[in-house]
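J.: As a plain string of letters, each chain reads:
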Amino acid sequence: MLLLISLAGILYAWQWIHTEVSAGPAMVEIYHDEVLLAQYSFPEPGKSIHFDAEGELGISEIIIDSEGVHFSSSPCRTQYCISNGRHSEGGEIIACVPNRILIAIKGSRINGSHYDAMVE
Amino acid sequence: MLMSRSAPRPSLPALEHKAKWLSLLLLAVSLHVFEAALPSLGPWFKPGLANIATLLALAILGPSAAAMLAIWRVIVGSFLIGTLLTPTFIISLAGGVAAAIAMLTAWRLLPGITLIGVSLIGALAHMTVQFLTVESLFIHQQALYYLLPPLLLLSVVTGWVNGGLAAYIVSQLKESD
Numbered sequence: 001m002l003l004l005i006s007l008a009g010i011l012y013a014w015q016w017i018h019t020e021v022s023a024g025p026a027m028v029e030i031y032h033d034e035v036l037l038a039q040y041s042f043p044e045p046g047k048s049i050h051f052d053a054e055g056e057l058g059i060s061e062i063i064i065d066s067e068g069v070h071f072s073s074s075p076c077r078t079q080y081c082i083s084n085g086r087h088s089e090g091g092e093i094i095a096c097v098p099n100r101i102l103i104a105i106k107g108s109r110i111n112g113s114h115y116d117a118m119v120e
Numbered sequence: 001m002l003m004s005r006s007a008p009r010p011s012l013p014a015l016e017h018k019a020k021w022l023s024l025l026l027l028a029v030s031l032h033v034f035e036a037a038l039p040s041l042g043p044w045f046k047p048g049l050a051n052i053a054t055l056l057a058l059a060i061l062g063p064s065a066a067a068m069l070a071i072w073r074v075i076v077g078s079f080l081i082g083t084l085l086t087p088t089f090i091i092s093l094a095g096g097v098a099a100a101i102a103m104l105t106a107w108r109l110l111p112g113i114t115l116i117g118v119s120l121i122g123a124l125a126h127m128t129v130q131f132l133t134v135e136s137l138f139i140h141q142q143a144l145y146y147l148l149p150p151l152l153l154l155s156v157v158t159g160w161v162n163g164g165l166a167a168y169i170v171s172q173l174k175e176s177d
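Residue numbers (my numbering), protein chains in the order written: chain L, 1 to 120; chain Y, 1 to 177.
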């Protein structure tokens, strides 16, 4: 019974979050703690965006291409953020907790469409 | 010439209790270090094998021994793997303490609850408090919680498996007594 209640609650929360986050075009948001450092859409195939996010420990290098977004280098000791790999779907996040950098993907990528809007 | 003793000699049951607690601590620390050496299953997720020792302590030695074991396991384990006083340690300690409190509360307040149920509650509390700790101390972004539901689902599975293992070990120990 406890298991069923837990599963039902978790699945409902997951569905609700997915619905909330998937609205609008896909955007990559990069935060240092509370501060939004940059916001990009996914570039066209063959192009990539390099962003240096300055955190508590130093610079985390982030690469965004048409396939997704990932940390390419980090000053943290554990390197979990790099091993977390590339992500591309709305609702996915990658965090480097020691450096306090968060990458969040919002919106959905419909038929692989791309947007050129960028705020930095 | 007779020398006066400053403290009475501890009783045999007390010594046995202490020996069992230390054995379980050793098991918990070993599992903590083993988990750290496993290939990464994602930055937020570990199977929680060390929690089996906490469950054994709860069933065999009682709630207070289990709570102390959960705290000392994180401290000694983090010292050995070199993460003491890092963010990883703080997140791990917060999760471990929360899981212990949730499990002890369930053990006391829900009569007839099994070790599997206790483990399930502990696993969910551990994962939830890890996220709350990161959000309140390190990265103040609610977007972090996007990842919580899938990881809670994994926690349900690992909590179930670990609780089943702990229940099996306790039944085997009782048979051998």
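Take these hints with a grain of salt, some might be off.
Stated by the list, open to error - Which residues of chain L face chain Y? A partial, calculated answer using Cβ under 7 Å:
(1) E89
(2) G91
(3) V97
Claimed, not checked - Footprint (simulated), chain Y over chain L, 3 or more residues, beta carbon under 8 Å:
(4) 4-12
(5) 46-53
(6) 60-73
(7) 100-108
Calculated directly from the structure, the hints in this document are not laboratory data. By construction, the Cβ of each residue, glycine as well, lies at the ideal position given by its N, Cα and C atoms.
J.: Decide, hint by hint, whether the structure agrees.
T.: Hints, verified against the model:
no.: 1; hint: E89; verdict: violated, 10 Å
no.: 2; hint: G91; verdict: holds, 5 Å
no.: 3; hint: V97; verdict: holds, 5 Å
no.: 4; hint: 4-12; verdict: holds (count 4)
no.: 5; hint: 46-53; verdict: violated (count 0)
no.: 6; hint: 60-73; verdict: violated (count 0)
no.: 7; hint: 100-108; verdict: holds (count 5)
Going through the hint list in order, the structure does not satisfy hints 1, 5, 6.
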